[in-house]
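For the record, the sequence lines run as chains A and B. Just so we're aligned: 375 in our numbering is position 217 of the first sequence, and the numbers increase by one with no gaps anywhere. Just so we're aligned: 327 in our numbering is position 169 of the second sequence, and the numbers increase by one with no gaps anywhere.
Treat the hints as calculated values from the structure; they're not laboratory data. Note that the Cβ used here is the ideal one computed from N, Cα and C, for glycine as well. Check each hint, because a few of them may be wrong.
Stated by the list, open to error - A few chain A residues that don't get close to chain B, going by computed Cβ distances all over 12 angstroms:
id, residue
1, 163
2, 372
3, 376
Unchecked claim - Below, simulated DSSO-like cross-link-like pairs (lysine-lysine); rule was C-alpha separation at most 30 angstroms, straight line:
id, chain 1, residue 1, chain 2, residue 2
4, B, 377, A, 236
5, B, 296, A, 377
6, B, 377, A, 247
7, B, 296, A, 295
8, A, 223, A, 377
9, B, 210, A, 377
10, B, 296, B, 247
11, B, 296, A, 223
As the list claims (entries may be wrong) - Residues of chain B placed beyond 10 angstroms of chain A at every Cβ, according to the derived structure:
id, residue
12, 166
13, 267
14, 299
15, 321
Number of protein chains: 2
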Amino acid sequence: MQVCTIDALLAGGFDGHVECRELLRHGDFGLGTFDRLDGEMVVLDGIVYQIKADGSVTRPDLGLKTPFAAVCRFETTKTLEPDGGIDLKTFEGFLEACIPDRNVFCAIRLDGTFAEMTTRSVPAQDPPYPLLVDVAKKQSVFRFENIRGTIVGFRCPSFVQGINVPGYHLHFISDDRTRGGHILNFRLATGTCRIGLCHRFLLQLPESNRAFQDLDLSKDRSAELQTIER
Amino acid sequence: MQVCTIDALLAGGFDGHVECRELLRHGDFGLGTFDRLDGEMVVLDGIVYQIKADGSVTRPDLGLKTPFAAVCRFETTKTLEPDGGIDLKTFEGFLEACIPDRNVFCAIRLDGTFAEMTTRSVPAQDPPYPLLVDVAKKQSVFRFENIRGTIVGFRCPSFVQGINVPGYHLHFISDDRTRGGHILNFRLATGTCRIGLCHRFLLQLPESNRAFQDLDLSKDRSAELQTIER
């Protein structure tokens, strides 16, 4: 289940409209952001974590709303053992080879130890909201070494362009739940990766939200997406 | 609820994988096609109609599968009285003015009498399947005059490109359920239009269907879509 579209977020649609509580009715695993773009979201084992721009990690009130999130009930289709030493790009190549089903959704969970993990988070914004690409210029970047934790994310098929991130979108949370964020890169020490294929996709759009209806979602924002994802 | 993507259909993914019976669990109103591209589908008041390339209209066995269809539970948000004499293009302009909510899904039902109605249907194909754009070259076109019936269709937001038809996609069935098809144009005599806004969109992708996984859905097929829709 997905709340709103990535292009609405890119266009500055930062007002939350679905409560975290509602997200958890649809899934126990996923990622997103929060009302006013207040940090990165990780949903893991049915718990919502908020990684703020100051690096702090909290479990938000479940009444907090999200403008963009994607969750699923994680069910393992396949278990993989990626080689130690690989970085994000190599990991993606590894998954391409292991999961030929390119036209469905793929939930990705990697529990492991990371020699290096680089993440980012974004600060809460005030209306009138800027474009996400402009917020990302002021993102906080965190670098961790020898950290145990979990990668939580998705590989989406190419046809979700405008709706979600085609390809890989991965967030991270540490085992002790004190660090995390949107993954920019990592170097794996050792870990186990579980993949869950999803053949159903439920999109929930805002109801009675004038700001959403007024967003120009006909524009191709793939270049902006490329900029903020890496 | 939508079965598969329009780009999979454009790419020749004509094998049905969801039964009509299952479609009716998700909605009583909609459109699509059938296994092997065997005609145009109209779902109206909970009944599935099949308009074949020979012009015949039947109620298919509900075990028949579809490779592409979109249905919803029709609930009227707004009732409109379009002017008599308008054609398809003017009707679309009329709806643009009446329904400013461009970023959600819109079910469109127009019950009326049509001075002219032009539709098409497509013949069943055998594997290896051609592209839809090539099948459309051999489509049957039907022209009716002074016909009573119902327009059944959707206006989809721009961000569904690759997944469904951005903009308008309308099918027709006559009151006596003997004629119909995918609408190419019409001239309205008199009618009442009901609009239902939809904020949830459920996409069902094929499970364990190798042919679907092998389709190249990364290609921009919007020009092909433009060709076959009008």
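Against the structure, the hints:
1. 163: violated (6 angstroms)
2. 372: Residue 372 of chain A not clear of chain B: closest Cβ-Cβ about 9 angstroms, inside 12 angstroms.
3. 376: The claim is violated: residue 376 of chain A sits with its nearest Cβ about 4 angstroms from chain B, within 12 angstroms.
4. B/377 with A/236: Distance of about 28 angstroms is within 30 angstroms: holds.
5. B/296 with A/377: Roughly 34 angstroms between the alpha carbons, so the hint for residue 296 of chain B and residue 377 of chain A is violated.
6. B/377 with A/247: Measuring from Cα to Cα gives roughly 23 angstroms; hence the hint holds.
7. B/296 with A/295: violated (53 angstroms)
8. A/223 with A/377: Satisfied, since the Cα-Cα distance of roughly 26 angstroms is no more than 30 angstroms.
9. B/210 with A/377: violated (37 angstroms)
10. B/296 with B/247: holds (24 angstroms)
11. B/296 with A/223: Status violated; Cα separation ~51 angstroms.
12. 166: violated (8 angstroms)
13. 267: holds (21 angstroms)
14. 299: holds (30 angstroms)
15. 321: Not fine: 6 angstroms to the nearest Cβ puts residue 321 of chain B too close to chain A.
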